[in-house]
Amino acid sequence: MSVATPLRVIGSAAPRTDADAKITGAARYTVDIDLPRMLHARTLRSPHPHARLTSVNASRARQYPGVHAVVTRNHLEGLNPTYGYFIKDQPIVAIDKVRYIGDPVAAVAAETERAAVEALALIDVKYEVLPTVGTIAEAMDKQAPDLFESEPMGIVPAYGQGASAEKFPAKNNFYQFRYRTGDAATFAEADHVFEDEFHFSRLQHYHLEPFVAVAAWDHDSLEVWSSCQNPFPLRKELARVFNHPEQNIRVHVPLIGAGYGAKNNCKAEPIAVLLARLSGRPVRHCMTHEENFLTQSQHAAILRLKTGVKADGTFVARQSHILLDSGAYSDASPLVAEKAGYRIPGPYRWRHIDTVCDCIMTNTTPAGPFRGFGGTQTSWASESQIDMIARRLDINPYDIRKQNFLALGEPFVPGESGMDSDLHVGLDIVAEEIGYHKSNRAEGRGIGLAVGFKDSGGVNKPATVQVKATTTGGLIINCGTTEIGQGVTTAFTRIVAEIFNCPVERVRYAPIDTDITPFDQGTNASSALVVMGQALEIASRECLDQVMVFASEQLDCPVADLVLDDWVIKRGDEIHPLQLLIMGYYGGTGFEFVGRGFFKPSTDHRAPLESQCVSWEIGWGAAEVEVDPETGRVDLLKLVVSGDAGRAIHPDVCRGQDEGAAVMAIGQSLFEGMRYRGAVLENIRAVDYRVPLARDLPIQFTSITQEQGHGPGPFGSKGMGEAGILPVASAIANAIEDACGARITSLPITPEKVLSALDNLKGPDET
Amino acid sequence: MSGDTVRTIRFALNGRAVAPTVSTNLVAADLLRDQESMKGLKIGCDQAVCGACTILVDGSPTAACATFSFMLDGTDVRTIEGLSDQGALHPVQQAFRNNSAFQCGYCTPGMIMLAVALLERHPNPSRAEIIEWMSANICRCTGYKMIIEAVEAAAQAVGELS
Ligand code: FES
Ligand code: FES
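Protein sequence lines correspond, in order, to chains A and B.
If you're matching positions, the first sequence starts at 1 in my numbering and goes up one per residue.
If you're matching positions, the second sequence starts at 1 in my numbering and goes up one per residue.
Among the clues, some could well be false.
Computed, partial: chain A to chain B, Cβ under 8 angstroms [unchecked claim]:
(1) Lys22
(2) Ala26
(3) Met140
(4) His207
(5) Glu209
(6) Met287
(7) Thr288
(8) His289
(9) Gly435
(10) Tyr436
(11) Asp652
In silico negatives: residues of chain B with every beta carbon more than 10 angstroms from chain A [stated by the list, open to error]:
(12) Thr8
(13) Arg16
(14) Asp34
(15) Phe68
(16) Phe70
(17) Glu81
(18) Ala157
(19) Ser162
Just a few of them, taken from the derived set where beta-carbon distance is under 8 angstroms, the chain B residues facing chain A [claimed, not checked]:
(20) Ile9
(21) Phe11
(22) Asn14
(23) Cys45
(24) Gln86
(25) Arg140
(26) Ile148
Hints were generated in silico from the structure; no laboratory data involved.
Note that the Cβ used here is the ideal one computed from N, Cα and C, for glycine as well.
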């Protein structure tokens, strides 16, 4: 059967499918949901980083004009009032203690936001202030106060070959992940063993649409609109927390004003749901800018690497200990620990790997998923150390990478899937573009390379999808992958159009509604193309098969004689509009063909994470900097990033993912970050927290989308939304050492750090 | 809620005369979104930093989240909804569309209004001027380069029209 002329819409430069809605202001997000009789929620948050709650009295707030409901710890009866991923430790509102500044203590629903804010001031809370831990080191101290006096409920999932984990392995430690392969004695074969420590900073996601949810109860039915990345896990968690049957909870996810990882699992939802239940009215809970900062952040980290290499630069063994600052609640920290621990070897060949990653509790904002998901932390440390080792051995940093890269198709570690990008190709592209091999560097200038690395597609992500074809050739995708800006509606409508050999305008991406949309685990882990995309391809082909078999029966010939072209069946020179065939057979009411697709990598105990990784996401980067030795100022002159889309379904979308991620990383590398003094977040206000602006772009900023064609997604595609953030910080640090000899091992790379590193180089006599 | 005085203000909203009754502390963003249904106007930081809420007041880009409604009295106000209400897209919208100068789209109405204001003042800006001007607003998704290119393309289109 010949179906589609190859690539009718894939790769086309036509606008994204969401373009018209987004450029005209017609696009609707959860913030825009406005229901009749809707109330507005506001949350009272702890001013103390760590305190016991001695009393909470909300009676005056309850009397305040316009107030319809107040939630305190007294309203949690009958609920399972704590939530989390592996560990259920985060309460809807504080029960016995508060554990960070911003921990919710009470919430009010009122006619207006203003009335709600005013009522919060009338809630009387008495605290017994406790000693705090603001940093990883403080939390691990034997004398440190315990954040949790008793262990919250939690699970450790099954792991495969070489991997293991433990919850609450030590004081103020949520979770420890370990991975080991090969024999520790291998270190003896190394000619050199290098030990280095790296510090990673902490960004706030800074999605412009805040955490927001609207909840409404109608008798026993709960309806929720949420700016969330994973509607089905959210439904499951709400069912558990509220002891409510899953079939009576309906979650809608409109367009999402971005998330970068933050909008997984419960955020604004539990308080909205509880207030809606108490008030009997719909409740909107939309957080403020500050509340976003008090709800979720990236993981700061300390990464200690011990790496053994041969004199010729061949990698032998790597041991690592990673400490993630997980904040006050576990959130996704155990999952991030898995990934950070697993990804620290990078895309290189080792004979022994031994890695430990700990989730340390501190009295700070809970850390959670952030674009890169542990891979940003590990790429920073690993790619910095590889350059340091190369320079110590007097080997070119480019050569040492090429010498140790995993080959295309070579398994990452024993039992694992093989690389689905050729690492050499990408490195050569960025090295060429930045002029790496040109010998004459201007004084004070340097060039650095880096290869960011993560697996992609996630684990345990069963994906289901439905594709329907209507009588007139309309195609409707029912799919739980949310449109969060990454362009999934564009990519998926194109894939279906390509398979049905029709213009993309025939294809609609249905709104997400958990009552109707087939199950999906969530829009994360760069999984849209490589996981859901595979299910989509199956569903589309199944639906198409039904259409073609139907046509062959109507025309009484083999399917192989027929070609589908824009809902017209062609047989040689004959033209048979499908609509007429369908009406002829099914009568005037018409018909719908329905294809369903399912994809999940199979369980495999030989794979360390219990199933082989679906795909590998590589971010190649190169930076050129100029360092001013007087001031320590680093000018990023040129930045090149490159990701492998496998096949670019929409080239602009790929480019945008790479560039957006890279610019986030520019901020993290040079200036952006949450600044804690002890347990106090100093730059929480919008005016104080600096994110990159247009003027922060390097004069020369290039992204190059590769289409290597080895991806497991439809048409050879693979995910690339996280790759661009991975290599930037280490490429810049490597460029700085190339420029002036100074090595910076902590982010952000401020002029003060560069100056002090330069001073250290000079030695005691010269300073 | 006590002590708020209420008054009627008059201004042109996307070319149409409106006369809402507002309390003195009602911010323009809430007036426009809630009472005038201009939901294209987005609120991000609510602190006059991100520019998601950018509207044009007498042609000047203005943070609606940090503007009291009464300050709109007697002005000409434009929002994203007013740019294309004759059906045809504004050249800036066209350029954002063709250049995919958005991802989540949350900053996009503000970015487009900011760019419209630039091109009304300087129909032929240099790339450096575009970068400086567009640095007033935050986009966390795109990395800005495609936005800058869209504004360049729009400037060129405007130049060809005039
Ligand atoms: S919402 Fe007005 S400037 Fe951010
Ligand atoms: S497109 Fe998402 S913030 Fe600009």
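With 10 angstroms as the threshold, tell me whether Asp34/B passes as away from chain A on beta-carbon distances. Answer for Asp34/B: violated, closest chain A Cβ roughly 8 angstroms.
Does the no-contact call for Arg16/B survive, Cβ to all of chain A over 10 angstroms? holds (16 angstroms)
Against chain A, run the beta carbon of Arg140/B and see if the smallest gap drops under 8 angstroms. holds (5 angstroms)
Please verify that the nearest CB of chain A lies beyond 10 angstroms from Phe68/B's CB. Non-interface label stands for Phe68/B: nearest chain A Cβ at 14 angstroms, farther than 10 angstroms.
Hold the hint about Asp652/A up to the distance rule: shortest CB distance to chain B must be less than 8 angstroms. Result: holds, 4 angstroms to nearest chain B Cβ.
Quick check on Cys45/B please, does its C-beta sit within 8 angstroms of some C-beta on chain A? holds (4 angstroms)
Does Gly435/A meet its interface restraint, that is, does its C-beta lie within less than 8 angstroms of any C-beta in chain B? Violated - the Cβ of Gly435/A stays beyond 8 angstroms from chain B, reaching only about 20 angstroms at its closest.
Less than 8 angstroms between beta-carbons is the criterion; does Phe11/B satisfy it with respect to chain A? Hint violated; Phe11/B Cβ to chain A Cβ min 19 angstroms, cut 8 angstroms.
Does the CB of Ile148/B sit less than 8 angstroms away from some CB of chain A? holds (6 angstroms)
Is the nearest CB of chain A more than 10 angstroms from the CB of Phe70/B? holds (17 angstroms)
Minimum Cβ separation between Ala157/B and chain A greater than 10 angstroms? Holds: least Cβ distance 14 angstroms, greater than 10 angstroms.
Whether Ser162/B stays farther than 10 angstroms from all C-beta atoms of chain A, as the label says: For Ser162/B, whose nearest Cβ neighbour in chain A is about 22 angstroms away, the distance exceeds 10 angstroms, so it holds.
Hint check: violations occur at hints 3, 6, 9, 10, 14, 17, 20, 21, 22 and 24; the rest are consistent with the structure.
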